[in-house]
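Whenever a hint applies, use it, and build me the whole structure from the sequences.
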Amino acid sequence: MKNSILSLAVFLTSTALNAQKLDLATCLKMADTANLTIRNAQLDVAITKKQRDGYLTARYPHLYYGGDYKYNALIPGQVVPAAIVGGPPGTYTTVQFGVPYIISNNFQLNQILFNPQVEYGLTALKINNEIVLLQQKMTEQSVKHQVASTYYNLQALNKQVSFVESNRTNMMKLISNMDAMVKQEMMIQTEADKLMINKLTLDNTIESLNATKYQLETLLKILIGMDTKTPISIDADDMIEKTILIDKSSVNYIELDLIAAQQRMNKAERRGTNMGYLPNISFYGSYSYMYNVKPEDNYRKGINGAAVGLKVDWTLFDGLEKYHKQKENSLNAEKLANQFEQSQQQLSLVSELAKKQISVQSNALEVAKEQLKLAEKVYNQTTLQFNQGTISSNDLITADNALQQQQTNLVAAYIKLRQAELDYLKSIGKIN
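Here the sequence shown is numbered in this note's numbering, starting from 290 and rising by one per residue.
Please keep in mind that the hints were generated in silico from the structure rather than gathered at the bench.
Be aware that a few hints might be false.
Claimed, not checked - Per label pair, the in silico range of CB-to-CB distance:
#: 1; residue 1: M579; residue 2: Y612; range: 23 to 33 Å
#: 2; residue 1: A314; residue 2: M564; range: 44 to 54 Å
#: 3; residue 1: D524; residue 2: S455; range: 12 to 22 Å
#: 4; residue 1: G387; residue 2: G355; range: 14 to 24 Å
#: 5; residue 1: G356; residue 2: T383; range: 51 to 61 Å
#: 6; residue 1: G356; residue 2: Y612; range: 39 to 49 Å
#: 7; residue 1: L402; residue 2: Y612; range: 24 to 34 Å
#: 8; residue 1: T507; residue 2: A622; range: 40 to 50 Å
#: 9; residue 1: N593; residue 2: N361; range: 18 to 28 Å
#: 10; residue 1: D607; residue 2: G379; range: 49 to 59 Å
Please read these numbers as outputs of a predicted model, since none were measured by experiment.
Ideal placement from N, C-alpha and C gives every residue a C-beta, glycine not left out.
Structural data, given as structure tokens:
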């Protein structure tokens, strides 16, 4: 065990010398550009913008071409009165129209003059782009909350490791003194064994904490887009009561902005449905060229054709489809209004509770710091008495355990304070 601890210490020391040092601001900035979840949210915004750009092309002229190269193996015929071709009245004959080879080319230009659904579609896409942007901000806040929480947990874990290593160093000194006293037959081996048990417990705790630290560092690297094999180190926090809150007055409830955008979309949908009662008007122009060939008669003839016109499409009755859409739209509008009011109340409550929790945890951290000072004082006094031989190893172990417990309590209070501050910042959309 001693060799493994020594090897681990040497490895961590050499790694720390080459590690990239990170502060929270750097981590958040890296997450902005390298976190895959945030990147996907940014791609959603870009995709939505491209969709609107593509939809805008509906306003522009559209030119179509069609070609038909046909061979009539059997020229179709049609029954007509024989009198048309000089036959006896009351009889019929079959007349074939066309030639074996027909080559036709058609060009058509369409230009929308008035289409209310196109205008509605552009409005809806614009609002949808706002919705996706707000969803991106919510995603960024969620990821940054996770990054900051992982970062602060690492800081706390480093502090815990520091405490345990210091305790282990002190315990090793006591064990060394006791071994000397046992050799001089001034103390029995059992007393030294009791301290050795505590030392082994500390060894195991260090290994466990370092394993957890490795997991948290790996998670942080993934969150900020770093290679998981790159060594890093985290800036130390002195665990003083230093708030991470900057501007408590500025509140940005992204969830309410999102519902407000959805309400605008609902109104746009209602207008779009109303526009469905209006006609669509478009201009068109066409040109065709048909080339007819009959090889056995050496007949070749090209025929041109051209036309321009206005086309009107107007649904006069749709089976009450739009009527039912409007009813559905009204119900959705009421639902969104209820969601907005409910979310407003919930977010306000969450923010208020988070602020109160910050105050509670800030006081708890102060108490934990005072308790740790007292525990250190008791431990130092107990160690002195133990070295003087006035108390047993049981009293020393009790004081050592009490010191470790207060160290753990301090770290826990620190984490709870930072978590409360992060929860408040996330609730108002201000994790930057």
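Hint by hint, here is what the structure shows:
no. : hint                    : result
1   : M579 - Y612: 23 to 33 Å : 47 Å, violated
2   : A314 - M564: 44 to 54 Å : 49 Å, holds
3   : D524 - S455: 12 to 22 Å : 20 Å, holds
4   : G387 - G355: 14 to 24 Å : 19 Å, holds
5   : G356 - T383: 51 to 61 Å : 30 Å, violated
6   : G356 - Y612: 39 to 49 Å : 44 Å, holds
7   : L402 - Y612: 24 to 34 Å : 27 Å, holds
8   : T507 - A622: 40 to 50 Å : 47 Å, holds
9   : N593 - N361: 18 to 28 Å : 21 Å, holds
10  : D607 - G379: 49 to 59 Å : 50 Å, holds
Checked against the numbered hints given earlier, this structure breaks hints 1 and 5; the rest are met.
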